[in-house]
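Colleague: Protein chains in written order, with the numbering used here: chain H, 1 to 225; chain X, 226 to 591.
Worth flagging that the hints you see were computed from the coordinates, not collected in a lab. Worth double-checking, as some hints may not be accurate.
Covered stretches of chain X, going by a simulated chain H footprint (3 or more residues, C-beta under 8 Å) [unchecked claim]:
1. 320-328
2. 367-379
So, partial list: chain X residues that the calculated Cβ filter (under 8 Å) puts toward chain H [stated by the list, open to error]:
3. Thr-294
4. Pro-296
5. His-297
6. Tyr-303
7. Ala-317
For glycine and all other residues, C-beta sits at the position ideal for the given N, C-alpha and C.
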Amino acid sequence: MSGVDLGPLWLTLRLAAIVTFLLLLLAAPLAWWLSQTRSRAKPVIEALTALPLVLPPTVLGFYLLILFSPKSTFGAFWVQATGETLTFSFTGLVIASMLYSLPFAVQPLQAAFESLGRAPMEAAAMLRASPFDRFFTVALPLAKRGFLTATVLSFTHTLGEFGVVLMVGGNIPGKTKVISIAIYEHVETIRYADAHVLSAILLVFSFVTLLIVYSLNRQAARITG
Amino acid sequence: MLTLDITLRFPGFCLQVAQKLPQTGITALFGRSGSGKSTLLRVIAGLESRATGRVAYGDDIWQDARHFTPPHKRGLGYVFQDTRLFPHLTVAGNLHYADRRARGLPGPTRDEVTAALDLGPLLQRRPQTLSGGEQSRAAIGRALLTRPRMLLMDEPLAALDEARRAEVLPYLERLRDRIGTPILYVSHNMAEVARLASHLLLIDAGRISHAGALQDLLASPDTISALGVREAGAVIHARLAAQDDDGLSQLHTSAGPLYLPRIDAAIGTSLRIRILAQDVILSRTAPTGLSALNILPATVTELHSGSGPGALVQLRTGDELILARITRRSATALDLAPGTPCFAIVKSVSVAPGNIGKDRAPTAKL
Chain H
1 MSGVDLGPLW LTLRLAAIVT FLLLLLAAPL AWWLSQTRSR AKPVIEALTA LPLVLPPTVL
61 GFYLLILFSP KSTFGAFWVQ ATGETLTFSF TGLVIASMLY SLPFAVQPLQ AAFESLGRAP
121 MEAAAMLRAS PFDRFFTVAL PLAKRGFLTA TVLSFTHTLG EFGVVLMVGG NIPGKTKVIS
181 IAIYEHVETI RYADAHVLSA ILLVFSFVTL LIVYSLNRQA ARITG
Chain X
226 MLTLDITLRF PGFCLQVAQK LPQTGITALF GRSGSGKSTL LRVIAGLESR ATGRVAYGDD
286 IWQDARHFTP PHKRGLGYVF QDTRLFPHLT VAGNLHYADR RARGLPGPTR DEVTAALDLG
346 PLLQRRPQTL SGGEQSRAAI GRALLTRPRM LLMDEPLAAL DEARRAEVLP YLERLRDRIG
406 TPILYVSHNM AEVARLASHL LLIDAGRISH AGALQDLLAS PDTISALGVR EAGAVIHARL
466 AAQDDDGLSQ LHTSAGPLYL PRIDAAIGTS LRIRILAQDV ILSRTAPTGL SALNILPATV
526 TELHSGSGPG ALVQLRTGDE LILARITRRS ATALDLAPGT PCFAIVKSVS VAPGNIGKDR
586 APTAKL
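Isolated chain H, as found in the complex:
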């Protein structure tokens, strides 16, 4: 009982950081497209993006397990290309987590972009800014609050995931044993003290993060309001 193994905590933070970073890169253009398009495909894409909100993680995990399996086309291709399997690997966990947290990044960004309206973009166009230029110099800075929300929600949501990890990642120390799995294991093995420590860390960390975000949002509202 001497000292809790904090390995799962560091692994989880690493996972959440990588997932959040990649997710923002992916979600920003997708959210921008959704906010601007008049395409008929829009509701289909929106529904697909929102699926992880309502699906049980085990369902998502189950399909991903099948997709990642070296017997599937995608899984086989991955093994051929990288020499590693996606199942029960950190990379697989990253991909699965990105899908699982996708709506938490896309939705705040889409809402932020939509609330901009066309006015600032038109103004930038009349100042000789190309579409690319105005996306980076006007849309992104004005959607700052959306980015903050998306970052924090993606990060904290990835911290807390359990079902998907259990399905595709298993419980390999240093590779896929994230904090929620570790807590589950501690409880299963009746090591409540260890479970307490890890749970409390996660609880406090999540609360403090959210508190910071909501305080910043309030400040930002007062400045730009």
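With chain H held as given, fit chain X onto it using these hints.
Modeller: Okay, now just chain X, sitting in the frame of chain H:
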């Protein structure tokens, strides 16, 4: 020359304009709200991609059946009614945004624009902390720094109250006379238009009803039906000759001296004065024992009677044309007809300060 031949349909509204626009001075686009003037400006800027037809600037074709130049490549400046300054940048940042993307293009420098619009004290402030008039000036400065080939201004003063408007108007006069970028100016305020513009386009229900030199159009009885009689009033040129002790300013016009309530300007300043048709009284004989100070000898050039009791008389006085709105009964009683000599009487105090503007140094007749 900006050449337009465009159509844009909305449910219940159709904008259809085939028009050539001059590339000098300020051209005013005047019409009621909903007449399509802002929409026309957006079509010219390329912000209404649904518009069909042809837009060309000199040899550059911006839009035709095969081709559409996006807004950022048209080299136009645009001042939006709601200014649209970027809230995440300071005034300096907003100016820099335009300046940085127009490097090496001919046009006013950042210092010139800052000085002409008195933006110096505002540079470090955020747009949200500025007054309405200050925001307008910053937005105009930003648009000028894109070094536009033409500046489109969509009612830049419409959101301001009378006092703020009076504060910004002199800046616009200064820009017109100093910077020389051609401006297309949308407005529904005739006093503003009369002070600023050299050309005038009247737009009604999506179509241009009249187009021409401002002075000619405002002195034409035919235009009045489009403007409404209350807005009828011609613009004459004057030069400030003396400031009298009793609070009046003496103006020199080709028609003779004109006395108006004190105008704050240097002796010798060129002015343009809008005299409303309803403020002019006619007399066949030289009036004596009258309180009015301004009695201008004139000749009737045109008489225009509508179906109502009113008649509109166009008169030549000196080199200027002015309008007088009288009753048809008076016109008959005075036996007015083209060629009739008479006297036009203008009460000094009837000319509101908003109808007096600075003008470019003495110019040839437009």
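Colleague: Evaluate each hint against the coordinates.
Modeller: How the hints compare with the structure:
no.: 1; hint: 320-328; in the structure: holds (count 4)
no.: 2; hint: 367-379; in the structure: holds (count 3)
no.: 3; hint: Thr-294; in the structure: violated, 12 Å
no.: 4; hint: Pro-296; in the structure: holds, 4 Å
no.: 5; hint: His-297; in the structure: holds, 5 Å
no.: 6; hint: Tyr-303; in the structure: holds, 4 Å
no.: 7; hint: Ala-317; in the structure: violated, 15 Å
Checked against the numbered hints given earlier, this structure breaks hints 3 and 7; the rest are met.
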